[in-house]
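Residues per chain, in single letters:
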Amino acid sequence: MYHWDFYTVLQSFDLFLIGIWTTLLYTIGSIALGVVIGLTACFARLSRFWAVRLLARSYQELFRCTPLLVQILWAYYALPMLLGISISNTVAGLLTLSLYVGSFYAEIFRGGINAIDKGQREAAAAIGMSGVQSMRYIILPQAVKKMLPAFINQSVIQVKNTSLLYAISIAELTYMTSVVNSETYRPLEAYSLAAVMYFVMLFPLTQVADHFERRMRRSD
Amino acid sequence: MTQATISLRGLTKSFGALQVLNGIDLDLMPGEVLGVIGPSGSGKSTLIRCMNMMELPTSGSLLFKGQAISPRFRGKDGQPGMGELRKRVGMVFQHFNLFPHLTVLDNVTQGPRIVLKEDRAEAEATAHDLLAQVGLADKAQAYPSHLSGGQKQRVAIARALAMKPDVLLLDEVTSALDPELVGEVLGVIRALAGKGMTMVIVTHEMGFAADVASRVLFMEQGRIAEEGTPEDILRNPKSERLQAFLSRFHA
Ligand SMILES: Nc1ncnc2c1ncn2[C@@H]1O[C@H](COP(=O)(O)OP(=O)(O)OP(=O)(O)O)[C@@H](O)[C@H]1O
Ligand SMILES: [Mg+2]
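In order, the protein sequence lines correspond to chains A and B. If you read the first sequence in the numbering used here, its first letter stands for residue 13, the second for the next number, and so on. If you read the second sequence in the numbering used here, its first letter stands for residue -18, the second for the next number, and so on.
Think of the hints as simulated: they come from the structure by calculation, not from any bench. A portion of the hints provided could be inaccurate.
What the hints assert, rightly or not - Calculated lysine to aspartate or glutamate pairs in the EDC-like style (CA-CA distance at most 16 Å, straight line): (1) B/K145 x B/E105; (2) B/K145 x B/E99; (3) B/K46 x B/E105; (4) B/K176 x B/E186; (5) A/K130 x B/E36; (6) B/K68 x A/E134.
Chain A with its partners taken away, still in its complex shape:
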């Protein structure tokens, strides 16, 4: 019978805290950057210039169709060789995570905007609104509501994806758990605890997403 010993592991709680804090920083940072990138790519996809559309599309497919882990390793180990400069793991990690989530956000934003009936755009145009005004006052406020569940779900995935930064030695939760493990030789307790911590962070978020989804279905 296995003898559970959380006490030893919990003595390294400060290491877990560092991990949680770092995970949160990378999550928030990459989501914020990802929103900016996603919005840019989304509007580029809706552009009337085909070259702009093609560029945005290529970026999206590149990041959606290759594994995030490969992207992270590539940005950290391969890109510096290609450019002949050094890239810190912080920069490589944050940038890759942001570009990755941005490619998915772009699709979510575009879906939300396209889901708005074209009559809305016409009604806005008919009272003399410009394209930008109609986007700002009529389309986006409605689209944001439709996007919210998918946006939150993608952000939940993003929290979990920060664990891949383990591969380039960024001190996020998974990496710090491995540190705890190597100090205590208690993998079962350490990784179980890590799983619980992720769960506690994410479960409320999925509930929020469900809530918005239910509310949206009601209002339709």
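Chain A is already provided as a structure; the job is to place chain B with the ligands on it using the hints.
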């Protein structure tokens, strides 16, 4: 001679290979109520949508009060653009297209506040007057989803009127309504006609066209096939096609 509010000169419109309007010449005079009738697919909607450049003409020109309008939003080289045109030409849609995330009041004030840069108090005062005029004074704070079709369409009319347009374009604005709600919307339009509002009305309600229009166009295959007073067109149709169209209607 007074100047036409909207003039179309040799206007054509194609969707890909399909030519929908085949050279339309038309002058809409101030105070005129123009009824547009014709079979499905004859180009009525396309015609009325060209009048505020919701559809861009393939060739030909549109003049607003004698001035050519550029098919760009802001215009070019001193020519006003379609943004300017749409401030002066209102449109009401078959499916209302109210903004569902805004209250009735905000639906009506949106244009004046954002496009005409009126301040909120001024825009809301006008909006309350207009809502009273269409019989919806008590619905200002309601959301569109809580209104009946007839109420929605009256809000849509108020929203268009809030821009103080010179012309109102109405494309089958009662077609999506339950029969018992048609009357209240037609009543509002009739009142507008009585006040001298210039309007273009695409309709399948022949009785209403006869009643409210000062001139009726019969469209067929992208052309104005016949035009005249409601009396001429609806009671004494000359062409066989128009006779056939009308008899199908009465049947
Ligand atoms: N955006 C579009 N793209 C392609 N074809 C179109 C488009 N809009 C209209 N058409 C075509 O143009 C023709 C005229 O359409 P339009 O809507 O102007 O007719 P209508 O007289 O308003 O008919 P209805 O009485 O059914 O409303 C039709 O054959 C229609 O299929
Ligand atoms: Mg039509």
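16 Å Cα cutoff - pair B/K46, B/E105: It is violated: about 29 Å lies between the C-alpha atoms, which goes past 16 Å.
Pair hint B/K176 and B/E186, alpha-carbon separation not exceeding 16 Å: Between B/K176 and B/E186 the Cα gap is close to 21 Å, so the pair fails against 16 Å, i.e. violated.
Are B/K68 and A/E134 close enough, with their CA atoms no more than 16 Å apart? 14 Å, holds
Pair hint B/K145 and B/E105, alpha-carbon separation not exceeding 16 Å: 14 Å, holds
Is B/K145 close enough to B/E99, meaning Cα to Cα at most 16 Å? Given pair B/K145, B/E99 holds - Cα atoms ~12 Å apart, limit 16 Å.
Straight-line alpha-carbon gap A/K130 to B/E36, limit 16 Å: 14 Å, holds
Comparing the model with each earlier hint shows violations of hints 3 and 4; every other hint is respected.
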